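Asks: Two chains, two frames, some hints: make the complex.
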Amino acid sequence: MNKFSNFYFISIVFIAGCSSLQVTEESIANQDVSSVTISPKSTADKAVLANAVVYFEYDSYSLTSKSILALKGVVKLMSGNPKLTIGLEGHADERGTREYNLALGQRRAEAVSTYLVSNGINRKRLIPKSYGEERPLSLGSNDYSWSKNRRVEIK
Amino acid sequence: MKFLFILLVVFPNLVFAELFLEITKGSENPFRIALVTFEGNKKLSKELRNIITNDLKRTGEFSILDQKLLLPVRFIDEELNYKDWKFLGIDYLITGDAIQHSGSIDVKYEIYDIHKKQKIRSSKVFGIPNQTRQLAHYTSDGIYESITGVKGIASTKLIYVNELKHRKSGSTYTLMLADSDGDNERVLLSSSEPIISPSWSPDGKQVAYVSFETGMAKVYIQNIATGKRESVLSKNTQISSPAWSPDGKYLSLTLYQDGNAEIYILRLRDKTLTRMTKQFAIDTESSWSPKGNKIIFTSGRSGSPQIYEMNLRKLNPKPKRISFEGSYNAKAAYLPKEEGIIFVHRSSDGLFHIALKYKKEKFIRILTEAKMDESPSVAANGNMVIYGITEGDISMLAGFSLSGARFKLPASSGEVREPAWSNFLR
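Residue numbers (my numbering), protein chains in the order written: chain A, 1 to 155; chain B, 1 to 426.
Note that these hints are calculated values from the structure, not bench results.
What you are looking at is a predicted structure, and each value in this text was computed from that prediction instead of being measured.
Hints are supplied without guarantee of correctness; some may be wrong.
[What the hints assert, rightly or not] Not close to chain B: a few residues of chain A, all C-beta gaps over 12 angstroms, as computed:
#1 V23
#2 G80
#3 Y144
[Unchecked claim] Keeping only pairs whose Cα atoms sit at most 25 angstroms apart, straight-line, the calculated BS3-like set for lysine-lysine is:
#4 A:K155 with B:K168
#5 A:K124 with B:K235
#6 B:K235 with A:K155
#7 B:K371 with A:K155
#8 A:K148 with B:K371
Think of the CB as a built atom: it goes at the ideal place given N, C-alpha and C, for glycine as much as any other residue.
Pulled out of the complex, with its shape left as it was, chain B reads as follows (with noise of 0.2 angstroms):
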């Protein structure tokens, strides 16, 4: 098994964010592939190479070959002269043309296949002058694509809360919206009142969210664009835990009319409100399946926090309980082929950590091992989760890919939770 050990510290321009990258363990089989330095504008070429470069690796399945052991890229008779890269090891070459003109950017990039000798892709992306990173995201997900035939993640966006607590009293509670690297961080929502829950609307449009800005927990929508925000619902009830269904069209909710915890679907165009779970205990925290049929949620009926599903296309469904091994089984998402579910399991030592069960499998996967492991969050294609940890007294975010790569994000200032991971952007 290979060990990688990668440390990274980026200072991008306006916003002092930093990214600590720490790959503990890749894939066992990473394909080995040669980045070499775009042509063209050369200090572009090297701020893309370093993108690319993150992206690719935070992913766990390459193994990009040192810089300084780059061959010269040759072509005879215009074709690739295959043999040299084929003895260094590397399966496939990328080779790429960075253009800066006055008002925009383009990127050419071209894949080879080492074993097959032939190109694989020919891509271009069109920037503007401000979307270096966006361009290297692109340029990233169009080689992890054509290599692995999986899409790419590195153009999806983060958003999650920050806290900066005041030396006096009181905090600073902000919404942020990041690149799926951590960089790039704006802005959304800022409150001297806890925000909590950040979900994407599937279009990666909006964001929904709780604040407590009235005293009380209540969902807010709001449109990234334009800031424009509303309240989700009039009532004088407390209101958390928004979901949007893969549609777009429902939000899932947990409304506390009685003075519990019951998940209700309210339907965006008319505020039709349906009723989910009519129980004594807690239901709470859902999310909607892939296909938008079915939900999950964390119910307390069994005495303790566990997972529950339920299938909407049923008259009357009936929520059947599918965590079985511990105590505490909260949060739950599925996977993006509804092949398993991502939650947080509480272990026998009183640890919270984030588990994987597989649908085919009887038991369950622990995946982190920090303390206090919360909130995970899925990537569009399954291979990447985000989540909560605290080291020492400090909250940040950590991610690992399911194929074993981890790496850590955190905060430039105060602290972070919370993460959401957007559906592909591009």
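One chain only, chain A, in its complex shape (with noise of 0.2 angstroms):
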């Protein structure tokens, strides 16, 4: 499929005296190009049961006294049915770079993991990740919506 078999490059200098003239003769490189679409499998299909949100300050990963209230429930509601795994899903406000912004994701999600974990919840049952700035809740470039978007949503 890569055709790169139709390509050749000659160059010659002359030189006589000071002048120079350059010859050259290529064909153009032929390269194919093939679409590939995915269609992802459904990640919602889970039911639902753990549904809280805790926010962040920017460029921050340590939780606020509302995020820890808002977490005491998630530790009741595990405590309360021990087969009950969550996924952790930190996300970022779309300021400074994609993948720094992924990671700060990942911190984010660990530290909602960590409070859970040092409040009895089995580190298994937490799936702690990230999303970075790329899912967005609240669309736009103001302080309000960046303060929606830097988030762990628990699933």
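Replies: And the structure:
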């Protein structure tokens, strides 16, 4: 499929006194392209039992007192449903680079995980992961939208 | 200083992509060239001239004589009448011939140095009928190289991510491939889950990227020609930020094995993983030095994102911090001769810009002026940078040459971001 076969390049430089002439011949490298479409399996088919969101400050992955109050409810729910496994999905606002925000979202998810583990929840029941800035809840480039997007969704 | 303002809208045959070429500032001392409409097929010659003119203007290093002012090309005793062109203030004259056969197109072009009164280049490029744009790009690169002494990048390619937000819910994310001028767009991958961080293999035959298709960030490698793709590691952990080593044998990656972003190097042949960082803070966005002996990456170890360099030839290499100005410096890439780095810098006003720091200078140069400039990618010849900007609420691509030219490439539909420029392909 990959046809670079008709590609060749000739370059000759004639030097006569102080003058030089470059003579070249080449063919266009032929590059085939194939398109791929992927249809991901729905990740939303699990029943949502714990539905909570905790928010963070800019550039930060520290839990706030408000977040801790929200997480107390999650601890209670997890303790009462010992078979329940939950995803902790970290997110960032759009400011900063995408990969750094992916890592920041992960730190936020881990911060929630650490709190839950320290409150007696088995780490194996928690799946922290990150979407970085790729899945904003609120569209818009302002403080309100940003504050809604710096979050960990518990589901 | 000369200010050129050019507005161009090109409607190619199949894909409705538009190119908005805006040159706000060119070089202070551009090469003045005359590009004579090529002989041969008229329609083809006109198309070639348009593409070549755009390619050369985008570099910021040429001032092209208005077509209306062109003189007829006259040869006296097989010698070009150099004197007339000198009167027009021209440094170089380019003539050519476009010959269309039933199954092929040949372009011949010649470059004359008006001051030295000599022909400096005589070249032929062979293509097939649907390769008109490529023929023009190859010709542009020949002209650029003969006059500036630097290899041209008109024939290189771009990959980037397009997001189409749907009215009801969700988005379609597409990884696109296009010519260096944004034309000739092709779909490499289409998904309902985000795609980020596309990266070229050095031979231009494969791409690596992060896809969230499994519900978790994973790195995939895809062959451009066949569409064959594979996940690089079967680990049940987040994997992101792929960057190919210059020899194509390794991929540097960010792995989240311990819940924290750390940099690893994967040997592609046997999938051997080597851990490069071990730090409580975030380490990510690695990229390789042109010789492949160093990597740079973003680390939060000082309390804010900063750029660090690591020498791979040393035993137990220690990261050395190389960015000091400001509280956010990230996503760095080396210039091709390693004379400096291009990166994202947050200014004191909280806005994000693309910045350059030369090795021999103590200060940084801020090169862009929008609000949220991101994802810079340096062209193979080091003379141009393409990056993502947000205008209003729409993200699109923009670029600049280090000589000062600027251009924008808005999406034909939806939003575009995360551009990555290929290596030389010819």
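Asks: Could you run down the list of hints and mark each one as holding or not?
Replies: These are the hints, each one checked on the structure:
1. V23: At roughly 5 angstroms from the nearest Cβ of chain B, V23 (chain A) sits no farther out than 12 angstroms, so the non-interface label is violated.
2. G80: Label holds. Min Cβ-Cβ 26 angstroms, cutoff 12 angstroms.
3. Y144: Given that every Cβ of chain B is farther than 12 angstroms from that of Y144 (chain A), nearest at about 14 angstroms, it holds.
4. A:K155 with B:K168: holds, 22 angstroms
5. A:K124 with B:K235: holds, 16 angstroms
6. B:K235 with A:K155: OK: K235 (chain B) and K155 (chain A) at ~23 angstroms, within 25 angstroms.
7. B:K371 with A:K155: violated, 34 angstroms
8. A:K148 with B:K371: It holds: about 20 angstroms lies between the C-alpha atoms, which stays within 25 angstroms.
Comparing the model with each numbered hint stated earlier shows that hints 1, 7 do not hold.
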